[in-house]
Amino acid sequence: MDYHSPASFAEASALAANATGITRFLAGGTDVLVQMRADIVTPDTLIDIKKIDGVRDITRNDDGSWTIGVAVTGAEMSEHPELGRDWPGVVEAMDLIGSTQVQGRATLTGNLCNASPAADSVPAMVAAGVTVTVTGPNGDREVPVEQIPTAPGRTSLAKGELISALHIPARGENGGDAYLRFIPRTEMDIAVVGCGVNLRIDGDTITEARVSLGAVAPTVLLVEDCARAIIGTKLDEAALEALAAAASAACNPINDKRGTIEFRTEVAGVLAKRAARIAYARAKGEKA
Amino acid sequence: MALDDRKTDFKFVGTRPDRPDGLDKVTGRAKFGADMYAPGMLHGAILRSPHAHARIVKIDTSKAEALKDVKAVVTRADFSDEVEFKPGLEGEFWNVLENVMAGEKALYDGHAVAAVAATSALAARDALKLIEVEYEVLPHVTDVDKAMEPDAPVIREGAADYSVPEGMHPNVVRYHESGHGDVEAGFAEADLVIEDHFDTEATHQGYIEPHACLAMLGNDGKGELWCCTQGHWIVQKTCAALLGIETSQLRVTASEIGGGFGGKTTVFIEPVALALSRKANRPVKLVMSRSEVFRATGPTASASMDVKIGMKKDGTITAAQGVFRLQGGAFPGAPGDFTAMCAFAPYNLTNVRQVGYDVMTNRPKQAAYRAPGAPMGAFAVESVIDELCNQLGLDPIDVRLKNAAREGTKASYGPRYPRIGLVETLEAAKAHPHYSAPLKPGQGRGISCGFWFNHGGETSVSLALSEDGSAQVMVGTPDIGGSRASMALMAAEVLGIPYENIRVTVADTATLGYNDVSHGSRVTYASGLATIKAAQNAVEKLCERAAAKWGIPVDAVKWENGCAVPSGPNAGDFDPLPIAEITADMGRTGGPISGHFEATPEGAGVSFGTHIVDAEVDRETGKTTITRYTVIQDAGKAIHPTYVEGQFQGGAAQGIGWALNEEYIYGEDGRLQNAVFLDYRIPVASDLPMIDTVIVEVPNPGHPFGVRGVGETGIVPPLAAIANAVSNAAGVRMRQLPMSPPRVLAALKGDG
Ligand SMILES: Cc1cc2nc3c(=O)[nH]c(=O)nc-3n(C[C@H](O)[C@H](O)[C@H](O)COP(=O)(O)OP(=O)(O)OC[C@H]3O[C@@H](n4cnc5c(N)ncnc54)[C@H](O)[C@@H]3O)c2cc1C
Numbered sequence: 001m002d003y004h005s006p007a008s009f010a011e012a013s014a015l016a017a018n019a020t021g022i023t024r025f026l027a028g029g030t031d032v033l034v035q036m037r038a039d040i041v042t043p044d045t046l047i048d049i050k051k052i053d054g055v056r057d058i059t060r061n062d063d064g065s066w067t068i069g070v071a072v073t074g075a076e077m078s079e080h081p082e083l084g085r086d087w088p089g090v091v092e093a094m095d096l097i098g099s100t101q102v103q104g105r106a107t108l109t110g111n112l113c114n115a116s117p118a119a120d121s122v123p124a125m126v127a128a129g130v131t132v133t134v135t136g137p138n139g140d141r142e143v144p145v146e147q148i149p150t151a152p153g154r155t156s157l158a159k160g161e162l163i164s165a166l167h168i169p170a171r172g173e174n175g176g177d178a179y180l181r182f183i184p185r186t187e188m189d190i191a192v193v194g195c196g197v198n199l200r201i202d203g204d205t206i207t208e209a210r211v212s213l214g215a216v217a218p219t220v221l222l223v224e225d226c227a228r229a230i231i232g233t234k235l236d237e238a239a240l241e242a243l244a245a246a247a248s249a250a251c252n253p254i255n256d257k258r259g260t261i262e263f264r265t266e267v268a269g270v271l272a273k274r275a276a277r278i279a280y281a282r283a284k285g286e287k288a
Numbered sequence: 001m002a003l004d005d006r007k008t009d010f011k012f013v014g015t016r017p018d019r020p021d022g023l024d025k026v027t028g029r030a031k032f033g034a035d036m037y038a039p040g041m042l043h044g045a046i047l048r049s050p051h052a053h054a055r056i057v058k059i060d061t062s063k064a065e066a067l068k069d070v071k072a073v074v075t076r077a078d079f080s081d082e083v084e085f086k087p088g089l090e091g092e093f094w095n096v097l098e099n100v101m102a103g104e105k106a107l108y109d110g111h112a113v114a115a116v117a118a119t120s121a122l123a124a125r126d127a128l129k130l131i132e133v134e135y136e137v138l139p140h141v142t143d144v145d146k147a148m149e150p151d152a153p154v155i156r157e158g159a160a161d162y163s164v165p166e167g168m169h170p171n172v173v174r175y176h177e178s179g180h181g182d183v184e185a186g187f188a189e190a191d192l193v194i195e196d197h198f199d200t201e202a203t204h205q206g207y208i209e210p211h212a213c214l215a216m217l218g219n220d221g222k223g224e225l226w227c228c229t230q231g232h233w234i235v236q237k238t239c240a241a242l243l244g245i246e247t248s249q250l251r252v253t254a255s256e257i258g259g260g261f262g263g264k265t266t267v268f269i270e271p272v273a274l275a276l277s278r279k280a281n282r283p284v285k286l287v288m289s290r291s292e293v294f295r296a297t298g299p300t301a302s303a304s305m306d307v308k309i310g311m312k313k314d315g316t317i318t319a320a321q322g323v324f325r326l327q328g329g330a331f332p333g334a335p336g337d338f339t340a341m342c343a344f345a346p347y348n349l350t351n352v353r354q355v356g357y358d359v360m361t362n363r364p365k366q367a368a369y370r371a372p373g374a375p376m377g378a379f380a381v382e383s384v385i386d387e388l389c390n391q392l393g394l395d396p397i398d399v400r401l402k403n404a405a406r407e408g409t410k411a412s413y414g415p416r417y418p419r420i421g422l423v424e425t426l427e428a429a430k431a432h433p434h435y436s437a438p439l440k441p442g443q444g445r446g447i448s449c450g451f452w453f454n455h456g457g458e459t460s461v462s463l464a465l466s467e468d469g470s471a472q473v474m475v476g477t478p479d480i481g482g483s484r485a486s487m488a489l490m491a492a493e494v495l496g497i498p499y500e501n502i503r504v505t506v507a508d509t510a511t512l513g514y515n516d517v518s519h520g521s522r523v524t525y526a527s528g529l530a531t532i533k534a535a536q537n538a539v540e541k542l543c544e545r546a547a548a549k550w551g552i553p554v555d556a557v558k559w560e561n562g563c564a565v566p567s568g569p570n571a572g573d574f575d576p577l578p579i580a581e582i583t584a585d586m587g588r589t590g591g592p593i594s595g596h597f598e599a600t601p602e603g604a605g606v607s608f609g610t611h612i613v614d615a616e617v618d619r620e621t622g623k624t625t626i627t628r629y630t631v632i633q634d635a636g637k638a639i640h641p642t643y644v645e646g647q648f649q650g651g652a653a654q655g656i657g658w659a660l661n662e663e664y665i666y667g668e669d670g671r672l673q674n675a676v677f678l679d680y681r682i683p684v685a686s687d688l689p690m691i692d693t694v695i696v697e698v699p700n701p702g703h704p705f706g707v708r709g710v711g712e713t714g715i716v717p718p719l720a721a722i723a724n725a726v727s728n729a730a731g732v733r734m735r736q737l738p739m740s741p742p743r744v745l746a747a748l749k750g751d752g
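Chains as they are written, first to last, in UniProt numbering: chain X, 1 to 288; chain S, 1 to 752.
Excised from the complex, chain X in its bound form (with noise of 0.2 Å):
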């Protein structure tokens, strides 16, 4: 196995591009590390990208809007005074995984990589409408995140590619996300439902909307059924039914030892009710 630590992500990318077999690169490692030391992925050429500069930046853009380097991890993401100010849900998702150790390492970025349909961060960046810049071997692309994973393990990204940053939008007014997961146990699970919801209203009204479901497909989903279930309402009961309705329709969940078809699908609903209650108090500025 050969190791790099490349400075620049053009040189990761260089690295990447030239390398046979199979290529991982080491973020906070919580994945890589333990699928190495489980037996299940043995990487020929691992690829450090925490030596890279500003990686571990937490930035706010003069519009508002944040860029989040690919090293940040999710220690790093709540402690910071103002980020989850602006996107509880997101930091709160990036806070789920897993326990105080692996929060000092688990990074945004690995968790998109990694491709799990139940990865936590997912739902909430894909509700948030998280972008990233993708460097490659013919520079720079954005992307929106809900592109980059294509199956259980797979992402979009070619051979040579990885991604450089990550751009949340700026938070403007009135709006507020939130993200919940359901799982048998209160922590150290994987999620069996997870669900991201942000919008933005105005007076009462639901004005701007994203939802996302994680868990019940083979990749984290963008439910747009879900979105047009709650815009234009003040999120009564029957727009709360009809989000539920929506985002059951949206599951195509399998049966495994984690859940089954049916109570992924009838959860699904719960937890979209209930994290867009909290998305909407936030909006409306209320503690939630």
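No lab work stands behind these hints: they were computed from the structure. All C-beta atoms in this analysis are idealised placements derived from N, C-alpha and C, irrespective of residue type, glycine included. Worth double-checking, as some hints may not be accurate.
Unchecked claim - Here are the simulated SDA-like cross-link-like pairs (lysine to any residue), alpha carbons at most 25 Å apart as the crow flies: (1) K549(S) - G590(S); (2) K257(X) - G590(S); (3) K146(S) - A123(S); (4) K749(S) - I40(X); (5) K749(S) - L240(X); (6) K129(S) - I40(X); (7) K440(S) - T186(X).
Said to hold, decoys possible - Not everything, but these chain X residues come out facing chain S in the computed CB check (under 8 Å): (8) V41; (9) D44; (10) T45; (11) K51; (12) D57; (13) F182; (14) P184; (15) R185; (16) T186; (17) E187; (18) D189; (19) I190; (20) G259; (21) F263; (22) V267; (23) V270.
Stated by the list, open to error - Just so you have them, the derived chain X footprint on chain S, three or more residues with Cβ under 8 Å: (24) 496–502; (25) 666–678; (26) 681–689; (27) 738–748.
Starting from the known structure of chain X, fit chain S with the ligand onto it as the hints suggest.
Same frame as chain X, now just chain S with the ligand:
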């Protein structure tokens, strides 16, 4: 000398000093199974069957053997039923051998088929990939009811013993039936009879330390083994038999142990490591991964049960009957008999009948898990009692008190009870503030009693005094629950010297006589009894030295507060002679002073507990939260109350896991789907409420200080108590464990 056997007032017993192994454990200095190293040590790894049931046609190890880093490869051919000097293992030894290394067939997913020793753990792991095994895959069965059906694949022809009635499937290998009275007449007297079916899935003890050992075995037949185990003499005896060497030539040392709960009462990797070491002529270390622990050690049995109970309107149970089918993996041993015998044991019944089956399937060989067999039976029986109470509008504690077994009651499994403490636990439960605390909407409360036999077992303890009057105690029972502290307290009580002046060591097999495993809740009872008697033996000698010094008869000397004193005014006027003054001179007054005791004590005394649980069910997701838990159990006499409480709380915590989320999940292919802690859902700390405890003390007449073992009874009531709480919260009877959210939600929606 006058030693009072029946003590009731204590100076040391009942206090809560720090445990002697505490500092080692919190600083990382304690040495567990994987913490031992030897010069020239190799690392072992085991190749395991991916199939639930398959004939092993051929194993080709040549490519692995050709690797420079590989120093030995073993298969079944390297064990004693194949080697010439000790052919033909029989009985349980043969079963254990078959389990640690497959013979003609792989019997479950994870069954060991070959092993290598190499210069590094990674090299050993990679070498396994070069071993070629040709399998002929056979039909498999992993479910207990399916394994009893006529067309079920036969795991092993001829495994059944004489107890099994004619006409049963060959997978039924043991049968138990017992009871008394006339159940049909009893059901006819009842105002309400409820019969129901219950299922539980296999669970794993979930000890945090995977099995690990370091083995050395020379071609002279002399060996050394370091391993984490609940009993190193059984390891010694079994490994010697499996390797074809003399028992005494293998010295086994028990490491510190990171949990066992019954799962470390047999061997898995130890014989394999010894065989590798013998072949490589180098020390070999073997450490299981967590997934190997799940796939190839001993989880509990799963169970399918039918229980029928009749009750009068006033709560009197008129008859009770149960059929308990236990699945114990690919070997005989599922505790169907224990399940049957314990199920109705808390109650005074005129008419009772119980049947237990031991059924083989293509799963790992079950092992003990605290009170093996009892929790499942209690789940079924106590659920039916709860339902009877609900339908008849009766208080569940009053009904249990009305039917409770007492001293003199003929137990459901035969004998008459001596003094027992069930009624006292029920009365304490009724009086506990928890029982009268109001419930919030969405919450339910559950009650259950539980019973376990407890065990004595072969026990040997030695105690030696040092010249400064301090004492060292050698016990042979690995410390799995703070027992060194309890032994020191009991020795301190007899010797009259401070707890801190006593060091208790778990001796290896070469330095003490045979000791049975730390199981059966027996350690504080049996090793404790032997410690007391060994200390008394030393005290007798101390008194003799004092008598000789004073020139008076030995029966004119008694032992008090760590000193020899004249037994009365007529004995003479001598100042108290402290222990340290006697031991300082002992070389000149007759030689070293030690005490010893060995026996198989028979008075362990049965044990009962009552649990109260509150649960809250999220009706939209089926998720259960345990909001309050109280354990009440009879400890006879709590030697170190903190560790008694720890046992109580541990039973509740493990019971919460078993009841709510833990389960072995097999796919259609017969492979275990969740062999990691991510998907085998043991409760995490934040899943648990504060678990309150009440120690009831009804002294056990069979122990000098009144001790009853407390290690196992605590896991008996939780499944039922939690199921009753969840059923009462949800408004539907939960008959299948675990009560995972999908199952509870389905039940709430009426299609469970
Ligand atoms: C104990 C434990 C608990 C966990 N709990 C959870 C949980 O609750 N929820 C959850 O969602 N996950 C959980 N995880 C999984 C894991 O922690 C997360 O997926 C984490 O976010 C991964 O981030 P990382 O930085 O460690 O990724 P790494 O392991 O470093 O990398 C993961 C993947 O991303 C790729 N990658 C990394 N950086 C880049 C890049 N810049 N460009 C392109 N590809 C890249 C790697 O090649 C690799 O395939 C848990 C893991 C453990 C060990």
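Consistency of the hints with the structure:
1. Of the pairs offered as hints, the one joining K549(S) and G590(S) holds, with about 11 Å between alpha carbons and a cut-off of 25 Å not exceeded.
2. Distance hint between K257(X) and G590(S) is unfulfilled; the C-alpha atoms sit about 69 Å from each other, more than 25 Å.
3. The straight-line distance between the Cα atoms of K146(S) and A123(S) is roughly 41 Å, outside the 25 Å bound, and the hint therefore fails.
4. Restraint check for K749(S) and I40(X): not satisfied, since their Cα atoms lie roughly 39 Å apart, outside the 25 Å limit.
5. With a C-alpha separation of about 20 Å, the suggested pair K749(S) and L240(X) falls inside the 25 Å cut-off, and the hint holds.
6. Proposed proximity of K129(S) and I40(X) is supported: the alpha carbons are some 13 Å apart, at most 25 Å.
7. With a C-alpha separation of about 21 Å, the suggested pair K440(S) and T186(X) falls inside the 25 Å cut-off, and the hint holds.
8. Nearest Cβ of chain S to the Cβ of V41(X): about 14 Å, over the 8 Å cut. The hint is violated.
9. Interface hint status for D44(X): violated, as the beta-carbon distance to the closest one in chain S is roughly 15 Å, over 8 Å.
10. The interface hint given for T45(X) is violated, since its Cβ lies 18 Å from the closest Cβ of chain S, which is over the 8 Å cut-off.
11. The beta carbon of K51(X) comes no nearer than 26 Å to any beta carbon in chain S, farther than 8 Å, and the hint placing it at the interface is violated.
12. Checking D57(X) against chain S: minimum C-beta separation of about 32 Å lies over 8 Å; hint violated.
13. At a threshold of 8 Å, the smallest CB-CB gap from F182(X) to chain S is about 6 Å, leaving the interface hint in force.
14. The criterion of a C-beta within 8 Å of any C-beta in chain S is met by P184(X), whose closest approach is roughly 5 Å, and the hint holds.
15. Because the closest C-beta pair between R185(X) and chain S is about 5 Å apart, less than 8 Å, the hint holds.
16. Annotation: interface hint on T186(X) holds; nearest CB of chain S at approximately 4 Å, less than 8 Å.
17. Below 8 Å, beta-carbon pairs count as interface contacts, and E187(X) has one with chain S at about 6 Å; its hint therefore holds.
18. With its C-beta approaching chain S no nearer than about 7 Å, D189(X) sits inside the 8 Å limit, and its interface hint holds.
19. Here the hint on I190(X) is kept, as its CB sits about 6 Å from the closest CB of chain S, short of 8 Å.
20. The interface hint given for G259(X) is met, as the beta carbon of that residue sits about 6 Å from the closest beta carbon of chain S, less than 8 Å.
21. Given the 8 Å rule on beta carbons, the hint for F263(X) holds: about 4 Å separates it from the nearest Cβ of chain S.
22. Interface restraint check for V267(X): the shortest CB-CB distance to chain S comes to about 5 Å, inside 8 Å, so the restraint holds.
23. With its C-beta approaching chain S no nearer than about 5 Å, V270(X) sits inside the 8 Å limit, and its interface hint holds.
24. Against chain X, the stretch 496–502 of chain S contributes 0 residues with a C-beta closer than 8 Å to a partner C-beta. That does not satisfy the three-residue criterion, and the hint is violated.
25. Coverage of the stretch 666–678 of chain S by chain X holds. Counting CB-CB distances below 8 Å, 3 residues qualify, and the rule asks for three or more.
26. Here the stretch 681–689 of chain S counts 5 residues with a CB under 8 Å from a CB of chain X, which clears the bar of 3, and the coverage holds.
27. Chain X is given as covering the stretch 738–748 of chain S, and this holds because 5 residues of the stretch bring a CB closer than 8 Å to a CB of that chain, at least three being needed.
Hint compliance for this structure: hints 2, 3, 4, 8, 9, 10, 11, 12, 24 are not met, and every other hint is.
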